[in-house]
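Trainee: Protein chains in written order, with my numbering: chain F, 1 to 402; chain W, 1001 to 1427; chain L, 2001 to 2672.
Calculated directly from the structure, the hints in this document are not laboratory data.
Check before you lean on any hint, since a few could be wrong.
[Said to hold, decoys possible] Calculated from the model, a selection of chain W residues having no Cβ within reach of chain L, i.e. all distances over 12 Å:
| id | residue |
| --- | --- |
| 1 | A1052 |
| 2 | D1058 |
| 3 | I1106 |
| 4 | T1148 |
| 5 | E1149 |
| 6 | R1214 |
| 7 | T1290 |
| 8 | S1293 |
| 9 | E1345 |
| 10 | W1347 |
| 11 | S1369 |
| 12 | V1374 |
| 13 | N1382 |
| 14 | A1383 |
| 15 | E1397 |
| 16 | A1421 |
[As the list claims (entries may be wrong)] SDA-like mimics (lysine to any residue), calculated; alpha carbons at most 25 Å apart, straight line:
| id | chain 1 | residue 1 | chain 2 | residue 2 |
| --- | --- | --- | --- | --- |
| 17 | L | K2366 | W | V1086 |
| 18 | L | K2366 | W | G1103 |
| 19 | W | K1265 | W | W1379 |
[Stated by the list, open to error] Using C-beta positions, here's what the derived DEER-type ranges look like:
| id | chain 1 | residue 1 | chain 2 | residue 2 | range |
| --- | --- | --- | --- | --- | --- |
| 20 | L | Y2625 | F | V87 | 51 to 61 Å |
| 21 | L | G2155 | F | L208 | 56 to 66 Å |
| 22 | L | N2626 | W | P1384 | 31 to 41 Å |
| 23 | F | G11 | L | L2076 | 18 to 28 Å |
Every residue gets a Cβ at the ideal spot worked out from N, C-alpha and C, and that includes glycine.
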Amino acid sequence: MFTTGSKILIGSSVLATVAAIVYGISQGEAIGIVGLISAAIALALLAGFNVWARDSNLSATDTTGIATSDAAIEPPGASIWPMVFGVGATTVLLGLVTQQSIFTIGVVILIAAGAQWMVQAWAESASSDRRVNADVRDRVANPLEYPLLGAVAVGIIAFAFSRIMLWLSKTNTVYAFVILATLIALIAFFFAFRPSVKRGAISAVLGLGAVAIVASGTAAGVDGERDIHVHETTTTAAVEGLCASPEKGEFDEKASQTVGTKSSTYTITLTASDELEFDVPGPVEVGAVAMVLPRSNPNNIVFRNDSDEERRLTYDFRALTEDEIIEIEAAKEDESHGGEGESDEEHSTVERFQQCTTLIEPGGAQLMTLLIAEPSISPSNDDEAFRFFVPGTDAELEVMVP
Amino acid sequence: MIVRSATSDLQPPTTKMQAVNSTTTVNSVTPRARIARLSAVAMLAAVVAGCAQDAPQDTWQPAGSNARQINDLDIWVFSIAGIVGVAVFSVLGFAVWKYRDRGQPIPEQTHGKPALEIGLTILPALILIGIAIPTVGTIMDLNKTDDTECIINVTGQQWWWEVDYPVQDGCGGIEEPIVTSGQMVIEAGSKVLVRGTSRDVIHSWWIPRLNGKRDMVPGRIHTVRLEADEPGIYAGQCTEFCGLSHANMRMEVIAMEPDDFAAWKANQLEAYASPDEGTLAAEGEATFITQCSRCHQVDGLTDSGGELVVARPDQNVWSGAAPNLTNFMTRNTFAGATWNLLSNECWPDVWEADSSEVGAAYLEGVSDSCLNEVELREWLRNAPAKKPMYTDPESLEETDGLPRGMPYLALSEDQIDQLIAYLLERK
Amino acid sequence: MAIIERPAETPDARPAGTAQAPTAATNYGYLRRPVETTGWRSWAFTVDHKKIGIMYGAVAMFFFIIGGLEAGLIRLQLAGPDGTILSADKYNQMFTMHATTMVFLFVMPMAAAFANYFIPLQIGARDVAFPRLNALSLWVFVFGGVFLNTSWFLGGGADGGWFMYAPNSSVPFSPTNGVDFWALGLQITGIASLVGAINLIVTVLNMRAPGMSMMKMPIFTWMAFVVQMLLLFAIPVITVALFLLMFQRSFGATFFSVEAGADPLLWQHLFWIFGHPEVYILVLPSFGIISEVLPVFSKKPLFGYPFVVFSGAAIGFVGWGVWAHHMFASGLGPVSVAVFSVATMAIAVPTGVKIINWTLTMWGGKLKFTTAMLFAVGLIVQFTIGGLSGVTHAVAPSDTQQTDTYYIVAHFHYVIFGGAVLGLFSGFYYWWPKIFGKLLSEGWGKWNFWLMIAGMNLTFGPMHIIGLQGQPRRMYVWTEFRAGEGFFNLGFWNLVATIGTFILAVGVLLFLVNIWITHRPGSKTPPAPADPWDARSLEWITSSPPKEYNFARTPQVSELDEFFHRKYEDVGEGDSHEYVQRMTGEEVIQHEEDNADPNIHLPAPSYWPMVLAFSLPIMAYGVIYNTLLIVAGGAIAVMAMFGWALEPADAEQSDYDPTDDGGETSKELANV
């Protein structure tokens, strides 16, 4: 019914409308939206004329050949897509009055159903043979359907499994994983070595498995995650004022295993007798009293804990200025109001600008990258600045920055 | 592909043909082969004879034990390589001459002689073992650090070298850190260990006559040995591409006798002496404080209120450091050791001095009459125009507005006069 | 082998004069398949490996000229002290782009050109395993190379050196987009190489003629096969490195940020794990080429074929274990340095084996010094020099004096130019009659050769001296002070090197002149015979140039140097040998054509590879400028892959019978 010219004009008009919507959502500038809407209206008008005039193409009006061919005579077959399309439209409207996410789901359903509907309709005009038409539809649509559906299915199963993993306790997750993997391997071997397993059996087993995972995943997701502790990091430690205290906080027991192979770095060791010793590649200067670190340099320092307590290494830059203290306190207020932190934890007001490692267990090590901007002769060099120390001990190491 | 089986249909024609004589020879190459050989010999001679004399960075003129160890290994390896090369070319040249097409019949289609091949595989392997063994020994030797007598820290940044002497018992005893740039002064005959890193990108410390190079990598500390047999000035260059002015990042090592070195150290640690009131240099001091002390440190400099002036290059330059100018005129190069501070007349007196005189000549520093004023003025007038650097304010978005290198300061000629007078007293 | 599903015929009876009902057959695919056999469309949408090979070669040659111009500018700047022809910034861009262009846009694609053209011919196949993928490789390379060079007009080329060490490659130190273009351009061309590698590996493993076992394959195919295996594993490594760099620069990652704890040596390791196999990727195809040329012009088989094959494979394997010899001064510990030093010496052994085998091939032979042979012998000489200087760098302490100086520049130019490039030129002269149907002039060829040799040695020979005497590389100026005294100081040799560059340029120009003289309209060069050199391998059992279907019938192979053995028979008895020619080359070819396969099936052309290739630079521009372009490019890529997958592998009615059409090489493919 629609001639080629009409199709082009209608398509362009729709495209301009869609573009206007997208442009409006992303950029929001009036002039662009106005321009595109104007284009859409103009094209719609032209489309209207052309539908009536049929491209002024007499032979295009002679559609009897097409209209009388077998493919056209066949009535269209049954199809669920109009219904799904309707469901999508309803969901869109529902989403407009409730949540954004429902609206999005509705749009997705609309697009998917619309595409399927169009492909099916187009395929049905290929011939009068239903099987050939189905074959044509498959040839066109399957390359898109299978990957997408596969991705969605795998996504759902993976997501459900992830909820299970988050719900179980840490050791149980290992068991669950191993058991599931073994089960899958066993079933797979079984199928592989049984030459004539019925198709229905395989579908049943896989379906059952998928349903089980999704169901338990949903249940676990609804029930909520297990209690997962957030470890302190070197950043939070500095802000919370933990650097100056020997207190535990929530530290990662495995923090010291995060040092990869780091060579050619400074090393500071807390000895068994609670003293700090430093080492550099090459010999340590005999007669040196302080550790020399170049200024404005990203110095990599590995802290090794050879004592028998959990310790951290802290470097003190200088005292914080009044303004800086106010800023940090304000940031902490914001966080404790908006976040879920336990507000009854007492942290000392941070007064000094320090950087530290997390608590390291005996025998462990951690890397610290230290950039000191000022030289030792700087006026902010008070008694406590320009030194490494280990809170909870008397260990101290003076730093000289030339 | 559709495959036809059966091989039976390929039959040679029944008429026998004579063994083919190749009668067409493309241009006989014998005279050309001779020309080629002669020119090769001529080139070799030119190569051997045609080396620069006294190239300051010549790797084949070792002046210290480390470079000498490398050079001895070089002589061994290059000789072997030369012999192998000559052998291969002789065999090849002979084959090219003897087996050229002179109308001989089709030669025997030998497919190989495994015994010969295996033998000729084992032979190079043996030669290489002969090279490998001294190589591994030398590698281990050159990495030793337990015989160090003096430790000097080096930090590279775009596009100059900072040299600092940490407090230690070595180097004849250093009580306070000495910070300088571009020129490293060492004691001749002393085993120095350079410990180096970088503040920004990878650079490389290379004084060819004293040792091979070592990359200076940010976040890492690398050590390299240095030892000079005789007093002298040994030139070097940054040898890892580090950006725009990589070619303008040089350095020198000055070796001197122990007495001279002690004098040098003492001079470096002398207290700051303010210029006399009312002199041009005093005005220069004030100008220095306002224009230069943001980045450049002069130890002991105090402002009018008596406060110590501490330079803050970390707030003014991306790499966070600028050359320490406390004893600027005790060095004789500047701006990444790219230009001379000594004028053309005075320059040979120091650089071409005998090893017995070089220490004393160097310790004289740069005086008023010997100053290379032209270059220094150009630098102060407009540093980025002289040495390519990233200082254009409009292009500093990616470095938080901080330049990389010394920016254009728009100094007036008067200010430059004052500064030069002031700097001349930094000895 | 071709199974084409023909859709069921629809039994419609249509009244005359009415519009035709659409049939299932016409509904397949989106765009009508290209069907032209002449004109620019037959080149743009071809999947014929021969046309693709020629296009690879032509574009690579174009980039050779570009890289050569960049080199010329570098040498002009260094002709005298304190040069002013290029600013420091431009100089840094120039040497980076020169190296990148020469390595990635000239040598690798030119080797791919030869591999594409000759691997199917040498193994007796009609095309490669995945013809459309082959076209994709080509167009991805072309678009990637163009994309990389648009950086010149969009803020400047990359300026961090061709190995782009971190952290100098991060944004604060390279603020222009040049490095982004470099990283993205090389990822794109990397796709081309990787896809081509897979294609050729499958081709070699699966499509050899019956009777051709792996150890009866022509040696060029063997070397090219080793190269494809190297590419298969090396390209992913550089892609990872470039990916990390792209994320560092464009998306704020901290892989190479020292203040976040990163180690700059990570980039070096990643790059050189790729970079060392890369140099074997550059040189092994040329080794393969001269391993073909030397036997033909010595009238003897390659000496020690199994040894040459195994040494090539050994180089491929051991090449993975020596990468840190590019890092001897980078601060690895003494143990690592010692291990890599010894490993690097070890790799000299298989290379030496090849040199020995080439020399022994010529030994006792009947040497004919055509231009191709001259280039082959030239390669042996120049590569030996380069290899020996390489052995001097394997000695790590010496290397700490030599690395980053002009001595290294001399070494790698001797092995790349004197090795890879001379081999490619040998291949040009050897295979030109087969590809284009005319012999290049031997007279011009000799001038071409000698000027290139003279120019090459004058340019790179002195670099040994100036390197050892202390001139570092990548310096935009050199100074009088560091040039030393005497007439023959570093300044003199720099000038000689610059003069040599121009002689070299003239030499290369003569090659182009030779092509012009041979092929210009009105040229008096006669068409070449099918077997002008009395060659030995399968690709010569075709016309010059080969028909579209390559072989009239798939050859049956019984031994190495199959073609030679069909022509010559050994009539000696016992230990004595006497070779008698039974057939000429033309007779062998004629015999094959007389027994042609009746049904030859060829792959059909397609648009989709070009469309898919086109989407990649769009995505790359998107990474640099605007994320929406990534989406647009991605959409085009998905659509192109979709269209490609939908398109049947074979066009309908694409079979044809060459014995049927009176000598015409092809007929119009039917409309699909």
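Trainee: Does A1421/W sit more than 12 Å from chain L, CB to CB?
Mentor: Holds, because the least Cβ-Cβ distance between A1421/W and chain L comes to about 28 Å, which exceeds 12 Å.
Trainee: Do G11/F and L2076/L keep their Cβ atoms within the hinted range of 18 to 28 Å?
Mentor: This hint is violated: roughly 57 Å between Cβ atoms.
Trainee: Measuring Cβ to Cβ, find out whether W1347/W lies farther than 12 Å from everything in chain L.
Mentor: violated (9 Å)
Trainee: Hey, is R1214/W genuinely clear of chain L, shortest beta carbon separation above 12 Å?
Mentor: Check fails; 6 Å does not lie beyond 12 Å.
Trainee: Examine each Cβ of chain L, and state whether all of them lie more than 12 Å from the Cβ of A1052/W.
Mentor: violated (3 Å)
Trainee: Holds or violated: K2366/L and G1103/W, Cα atoms, limit 25 Å.
Mentor: Given that 25 Å is the threshold and the Cα spacing comes to 8 Å, the pair holds.
Trainee: Determine whether the Cβ-Cβ distance between Y2625/L and V87/F falls within the hinted range of 51 to 61 Å.
Mentor: violated (41 Å)
Trainee: Beyond 12 Å from every Cβ of chain L: is that where the Cβ of A1383/W lies?
Mentor: holds (14 Å)
Trainee: Just tell me: holds or violated, for the beta carbon distance of N2626/L and P1384/W against 31 to 41 Å?
Mentor: holds (32 Å)
Trainee: Does the no-contact call for N1382/W survive, Cβ to all of chain L over 12 Å?
Mentor: Consistent with the label, N1382/W stays out of reach of chain L, its closest Cβ about 16 Å off (over 12 Å).
Trainee: Just checking, S1293/W versus chain L, shortest CB gap more than 12 Å?
Mentor: holds (25 Å)
Trainee: Confirm or reject: T1290/W is not an interface residue toward chain L, with every Cβ-Cβ distance exceeding 12 Å.
Mentor: holds (28 Å)
Comparing the model with each earlier hint shows violations of hints 1, 2, 3, 6, 10, 15, 19, 20, 23; every other hint is respected.
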